[in-house]
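First residue of the sequence shown: 343, per the numbering used here; consecutive thereafter.
These aren't lab readings, by the way, just hints derived from the structure by calculation.
By construction, the Cβ of each residue, glycine as well, lies at the ideal position given by its N, Cα and C atoms.
Each hint should be verified, as a subset may be incorrect.
[Unchecked claim] FRET-style restraints, in silico, Cβ to Cβ:
(1) 706 x 556: 21 to 29 Å
(2) 402 x 721: 26 to 34 Å
(3) 548 x 636: 32 to 40 Å
(4) 406 x 353: 56 to 64 Å
(5) 682 x 406: 33 to 41 Å
(6) 402 x 480: 14 to 22 Å
(7) 442 x 663: 47 to 55 Å
(8) 406 x 701: 35 to 43 Å
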Amino acid sequence: MKAYRIFYYGLMGIVFLIGLYTGSRLCFLLVLIQLFTLLAAFGLNAWTLLSFAYVQELDRKESEKGQTVRLHLAITNDKPFPFTHMQVHVQAADPADDRDLRIELPPREQAVFDLPMVLPYRGEYALGMTRVDIQDIFGLLPMHLDMRRLPYYRQRTLLVLPRLVDAGLPAGRLRADRTGTGQSPAGGQEELSHLRAFVPGDPLSRVHWKASVKTRTLLTRQLEDPTGGSCLVFLDTRPVAEDPVAGPDRLIECALALTAAHLQRRGRVRVASCAPGAQPEPLADTGPLLALRRWLALLPFAPIQAEEDPPAVRLDGSLRADAPQTVYLLGGVYDPELAQVLGSTGAPCRYLTLLPLPEGVAETEGRLRRMSLYGEELPQVLRRLLEEGAL
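Please model the complete structure; the sequences and the hints are all you need to start from.
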């Protein structure tokens, strides 16, 4: 078609030059016929662009990774004249699922499409028409319209929640946060879990004076929580260069699965990240899990800016604020600074990375356990943690 247009315009130019050279009226008549043909093509294309009406709707505004949604698209010609050939580009959640719809609309007709769209990853997506290509019947004057530039046009927005992986863990009763001061629900005394750095607001009765004198640093007793203990799930949201899309998605799924498993079998959980912005409130049961999934669906994985606190500082702040009895750190690449912060807490910690651990890094160091998710399915990882007593 492009070669045909080159021939047409080239012929029109040659005939016009011959007419100027010879003064032949026949040449000028042929040029006028070609110009009128172009005007007719332009008019038909403009008529189609200005006249077509559409309806575009999703069957739901929120879904889960791995499911399928349907986009209903109807393009109508309610005029007494036919539309020229149209090609509509439709954007999906998966770029490989984008499609082009070829449409020929006679007068008073409608083209209806129900398009299934797979959802391979969590996140927020804009779905629907993006570009309309118009081709006249002569193939002389193709026109293109990017509908996203129109002030009244909006694509349909879909929020894809991360998938909650069922690891098949044995069911455990939900445990509430303790409300007493030093007594377990059964009336027994709480046991010492570990020592941690003093945080303003800690009661003086919890200060371990003998250890504080030896270390010349105020240390506080962290007592074992009879309800199972609090947990911190921290996400290192720096991008994974080797897998920038599927990698963060897998980390999010792992964090969600760990949170749900700990809520089911242990107690309170806080999920935090090194990304800027508000962090979710701690969870004591599975009720607010939907709100957490929405937050995780929108959590960005982006480089840390120069004016932002480094991940190690954010992790240390979360540890000091919550004083958790179990810590999970999830990241793409192993970071020695984050591992050093974990090792200084004294609480049981698990550092899980997407990529294999560097050579020479021990899997176990004190109460810090390092693991790689590389080549392992998430249910297998959760079962390993269960066997090790981490869940």
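A quick look at each hint next to the structure:
no. : hint                  : verdict
1   : 706 x 556: 21 to 29 Å : holds (26 Å)
2   : 402 x 721: 26 to 34 Å : holds (27 Å)
3   : 548 x 636: 32 to 40 Å : holds (36 Å)
4   : 406 x 353: 56 to 64 Å : holds (58 Å)
5   : 682 x 406: 33 to 41 Å : holds (37 Å)
6   : 402 x 480: 14 to 22 Å : violated (43 Å)
7   : 442 x 663: 47 to 55 Å : holds (52 Å)
8   : 406 x 701: 35 to 43 Å : holds (38 Å)
Hint violations for this structure: number 6 only, all remaining hints satisfied.
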